[in-house]
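Participant: Dock chain G against the given chain V, drawing on the hints supplied.
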Amino acid sequence: MSSTFSPDAARAIDGPSWLVDRRVAAAEALSERAVPTVADEEWRYSPIAELDLDTFAPSTTFGDAPMARLDVEPAATVRCVNGKVVSIEVDALLVEQGVFVGLLVDHADGEAVLGSVSADAGDYFTELNDAFTPHPVFINVPNGVTVDRPIVITHHAAGDHGATFSRLVVRVGKNAQATVLDQYSSDDGDVVLACPVVELDVAQAGRLGYLNIQELGDSTWQIASQVARVERDATISAGTAAFGGAYARSRADTRLVGRGAHGDLQALYFGDEGQTLDFRTYQDHVAPDTTSNLLYKGVVAGKSRSIYTGLIRVRPDARGTNAYQTNRNLKLGDDAWAESVPNLEIENNDVKCSHASTVSPVDDDQRFYLESRGVPTGEAERLIVAGFLDEVVTELAVPSAAQGLRRSVAVKLAAQRFAEYGVEDSA
Amino acid sequence: MSELIIEGLCASVEGKEILKGVDLVVKSGEVAAVMGPNGSGKSTLSHVIAGRPGYEVTGGSVRIDDLELLDLPTWKRAEAGLFLAMQYPTEVPGVALRDLLRASARTSDDPEEIESRMQAEAERIGFGAQFLERPLNVDLSGGEKKRNETLQLGVLRPAFAILDELDSGLDVDALRIVSARIEQATEEDGLGVLAITHYSRLFDELRPDTVHVFADGRIRESGGPRLATELEETGYERWVQPAAATKPSPALSDDPFADPLG
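Heads up: the protein sequence lines correspond to chains V and G, in order.
Using my numbering, you'd call the opening residue of the first sequence number 1 and step up by one each time.
Using my numbering, you'd call the opening residue of the second sequence number 1 and step up by one each time.
So here's chain V without its partners, still in its complex pose (with noise of 0.2 angstroms):
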């Protein structure tokens, strides 16, 4: 176990005594556990062997953070520079509504709602969350409200050698409905770690659209978790957008608790260079007549890599389930590299789960097509390329957010060569 992360570091960060306790309580079962191995199944392909705890510490240094990337004004804003918070700004009409959006310690709920969602979805990273995160951040929408437009949180980190341990609550209410959009970025060349958790509980009927957008930095490890709980008749749409990261990983639990619960989860990554996005994902069906359907595309480019792994889970009552789970990937180059698990756990007979998978190069037939209309090899690889993201692009709840996205991807495949097919090579 790392001094810098010792229970006394803990108790040495602000907050109500409450969260202290919360935070050392944490950080003495760390000292209990070990830190996972390529040999545990859920790192399998994982570069979790390179991660050396010890040369980080909590980051400290404060920064400018960025601002939303939405097309339209949102409803509030929360910007937070190596996990605290140094800026709020709430629409009237939210505070009218009862909305909160702020420091979870401000809400009388707060100590209640932490790690509600999360507790038993925990690794060893969400613990380090519970012991380290400085400033969580709650938005509790109540029963029947309706929020229009996205309320946006920001995260940056920098500072090398620093880790940064974001923490974010939603709580949406019975009959409520909120779109939430949660940006990360970090400064490239700084080696930071970053291991925000995302709790994300949907009340009866309640309907909730998460996005979370990575543009993290070329030297950044992103260990993320994000947990959701979904009630009777409630329907959550959570996406990730995965651009940056050396080595960027995303758990995503989404859990069915309630009958009638759905949810639509969906990702788009795009990796080139030396990238390594890791993807794990669990649809757990606790209850019956729920339905998930999962849809991850993504792209490798240069010598990076993904890793997609999903479990469909349907519990023993989870009677009328339809679960399903797709996941595509686009390699560009010989030396890139996607691996695709999908797995099936049920417990159930009367089911309706699917999986699909598929590793593959640019289509020769749709390349064809393209070039036959006078475009460019070149310029029809990169069309196929983005319109592949762009189905999921089109199926993310933050319809706003999706130019922002659409110029990211192109960011993304400029910096391709695409070269050896193009206009150099064909006169």
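There could be a bad hint or two in this list.
Stated by the list, open to error - Here are the in silico distance ranges between beta carbons for each label pair:
1. G:115 x V:218: 37 to 43 angstroms
2. G:130 x V:358: 16 to 22 angstroms
3. G:131 x V:92: 42 to 48 angstroms
4. G:207 x V:71: 48 to 54 angstroms
5. V:364 x G:131: 23 to 29 angstroms
6. V:67 x G:14: 55 to 61 angstroms
7. G:98 x V:218: 30 to 36 angstroms
8. G:88 x V:356: 21 to 27 angstroms
What the hints assert, rightly or not - Stretch-level coverage of chain V by chain G, calculated; a stretch enters the list once three of its residues show a Cβ under 8 angstroms from a Cβ in chain G:
9. 364 to 375
10. 382 to 388
FYI, nobody ran anything at the bench for these hints, they're computed from the structure.
Glycine included, every Cβ here is placed at the ideal spot set by N, Cα and C.
Facilitator: Okay, now just chain G, sitting in the frame of chain V:
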């Protein structure tokens, strides 16, 4: 005035010879019909001219005037004025018609001009505006796909168009509209057409100047428009597998002229 000149074109797939010396000339404003039985290699001819991967050209030449197309990548052939309307247009998820037309080397860099041509062509062939927003060929019916091909032909204004079974999947009304639009292009823009088909119904509106019977990998007979009518009545028996009766039966199921790439 230009010419699409096909000379002694031979091509094979996985070592099997499919095109066995095709000779054909199409002039600007002309419609040349290439008719033949299923499995004769007609589609292979269109694919090889356009440069589809998977075929090995073993001899011959395809030129627009003095420009040798076989040396060029597919998109350069299109830039030079060749267009292929496919029998089974490929679905390209997430790519809109507009994106394709803007990226084409055949169109100007002015998005407004492309937009107005697209709208005008859609109106001419009764292609609903809603289809312009769809990803290419995704969730389109057979007829909508062929209208989409025709619309692209109208916007890209090629010098020569190869129509590969344009009539397949089209109902009578759509066939009339689409073939009339192409006939107009031959008159208005001097489009030269190489129309590959099994049936003569395509030629009710689109008037062929020459008709060529294609079988066993080459042109077997050429004539005027009346040949198309004759073929409709008599069929292709004269040109199909003259030695079939003497072959042992297992060979019959293994059609040597089938296009392995469909």
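Participant: Hint by hint, say whether it matches the structure.
Facilitator: Results for each hint:
Under the hint 37 to 43 angstroms, the C-beta atoms of residue 115 (chain G) and residue 218 (chain V), about 39 angstroms apart, fit the expected range. For residue 130 (chain G) and residue 358 (chain V), the Cβ-Cβ distance of about 30 angstroms falls outside the hinted range of 16 to 22 angstroms, so the restraint is violated. Take residue 131 (chain G) and residue 92 (chain V): their Cβ atoms lie about 44 angstroms apart, and the range 42 to 48 angstroms holds. Against the hinted window of 48 to 54 angstroms, the Cβ-Cβ separation of residue 207 (chain G) and residue 71 (chain V) comes to about 52 angstroms, which satisfies the hint.
About 25 angstroms separates the C-beta atoms of residue 364 (chain V) and residue 131 (chain G), a value consistent with the hinted range of 23 to 29 angstroms. Judged by the Cβ atoms, the range 55 to 61 angstroms given for residue 67 (chain V) and residue 14 (chain G) holds: they are separated by roughly 57 angstroms. Evaluation of the 30 to 36 angstroms hint for residue 98 (chain G) and residue 218 (chain V) yields a pass: the beta carbon distance comes to about 34 angstroms. For the pair residue 88 (chain G) and residue 356 (chain V), the beta carbons lie near 23 angstroms from each other, so the given range of 21 to 27 angstroms is met.
A count of 11 residues in the segment 364 to 375 of chain V with a Cβ less than 8 angstroms from any Cβ of chain G is obtained; the coverage claim is therefore met, three being the minimum. Counting residues of the segment 382 to 388 of chain V whose beta carbon lies closer than 8 angstroms to any beta carbon of chain G gives 5, which reaches the threshold of three, so the coverage claim holds.
In the structure shown, a violation is registered for the earlier hint numbered 2 alone.
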